[in-house]
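These protein sequences, in sequence, are chains A and B. If you use full-length UniProt numbering, the first sequence closes out at 169, no skipped numbers anywhere. If you use full-length UniProt numbering, the second sequence closes out at 169, no skipped numbers anywhere.
No lab work stands behind these hints: they were computed from the structure. Incorrect hints may have been included.
Treat identical chains as interchangeable: a pair holds within one or across any two.
Calculated lysine to aspartate or glutamate pairs in the EDC-like style (CA-CA distance at most 20 Å, straight line) [unchecked claim]:
#: 1; residue 1: Lys-78; residue 2: Asp-61
#: 2; residue 1: Lys-97; residue 2: Glu-56
#: 3; residue 1: Lys-91; residue 2: Glu-101
#: 4; residue 1: Lys-95; residue 2: Asp-61
None of these values were measured; they are calculated from a predicted model.
There are 2 protein chains.
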Amino acid sequence: MKLAFLGAFAVSSLAVGIAASQSAGSATPPENASPIYGVTIPEGYRDWRFIAPAQEAPPLDELRAVLGNDIAVDAYKKGTLPFPDGSILVKLAYKRKQSTEFAPATVPGAPTTVQVMVKDSKKYPDSHGWGFGRFVDGKPVDVAQHETCLSCHVGNVRDHDYVFTRYAP
Amino acid sequence: MKLAFLGAFAVSSLAVGIAASQSAGSATPPENASPIYGVTIPEGYRDWRFIAPAQEAPPLDELRAVLGNDIAVDAYKKGTLPFPDGSILVKLAYKRKQSTEFAPATVPGAPTTVQVMVKDSKKYPDSHGWGFGRFVDGKPVDVAQHETCLSCHVGNVRDHDYVFTRYAP
């Protein structure tokens with residue numbers, strides 16, 4: 001009995017060890033993590049606070065909104081740059097659709113992508129501290145698409161800690 | 001001394017009485033309340049949860065986002081109609097501006113209006129339970145503009161408890 005109990009404890013500890021290793025970004029990324037970065041869709045993000053809306057011209061033709069966790073929103077409000085480790089931004093995107101109820105308005109149609117930026121300067125030293133994830137129907141898109149994230153952010157918004165979105169008042 | 005103390009207490013009670021009367025919607029509306037409805041910009045609304053984005057075509061040419069308090073957001077998530085008393089929706093509107101950093105994107109420019117809907121079926125029996133407020137630079141716009149709220153909502157979204165915005169997934 002004593003041996004059996006110890007055995008169960010050892011297995012349990014092993015399982016905990018694996019989970020911790022995955023979340024720290026080991027070679028075995030968690031399920032549905034983005035290639036290259038191992039970023040996942042953060043739980044509860046839809047209830048996070050609102051940072052700003054945007055529109056993307058055709059052919060994508062999307063309405064978008066960026067939400068942030070408390071660390072990110074607090075950094076925006078205080079004007080803290082670079083964003084502190086732990087900041088997470090989530091961009092929601094929808095096809096832009098003509099409202100059937102009000103002629104001048106376009107409104108969200110089908111969701112297209114969810115895009116995530118995670119600041120962790122230890123985990124992502126080669127991408128200025130940012131990890132990227134782009135998801136369609138909850139699944140990460142391929143390596144080729146993720147290879148485009150960094151160069152576009154570095155090329156265009158280096159002076160804003162590689163983040164496009166500004167806080168809308 | 002005893003009389004003086006009682007006098008101060010009486011004045012203090014009177015002040016509390018006036019404040020309570022104003023917040024309950026007496027003939028003396030609070031400062032910066034909308035005409036007709038007496039709606040004010042709710043404190044802390046900018047940290048409320050996000051419901052949906054929208055775009056308004058020219059000539060307004062705006063990007064918009066609707067936020068809601070917990071009662072409103074919970075009603076949206078559960079599909080509760082009509083919205084329960086205490087629901088508050090706030091629409092933020094901004095001039096749509098070309099991004100200087102990413103050609104396909106338009107982003108929020110100057111804020112234009114903040115528009116508020118408050119559900120209180122006892123206070124607003126003549127407008128299907130809704131009170132409306134439209135604000136520019138924190139000040140309510142005039143009576144004529146507020147007279148247009150109800151007819152447009154009644155004419156177009158009667159089947160959705162007079163609310164245009166749907167919850168974006």
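Status of each hint after checking the structure:
1. Lys-78 to Asp-61: Answer is neither; intra-copy 32 Å and inter-copy 29 Å both fail.
2. Lys-97 to Glu-56: The answer is both: 13 Å in one copy and 12 Å across copies each meet 20 Å.
3. Lys-91 to Glu-101: between (26 Å within a copy, 17 Å between copies)
4. Lys-95 to Asp-61: Both ways: Lys-95 and Asp-61 sit 6 Å apart in one copy and 18 Å across, limit 20 Å.
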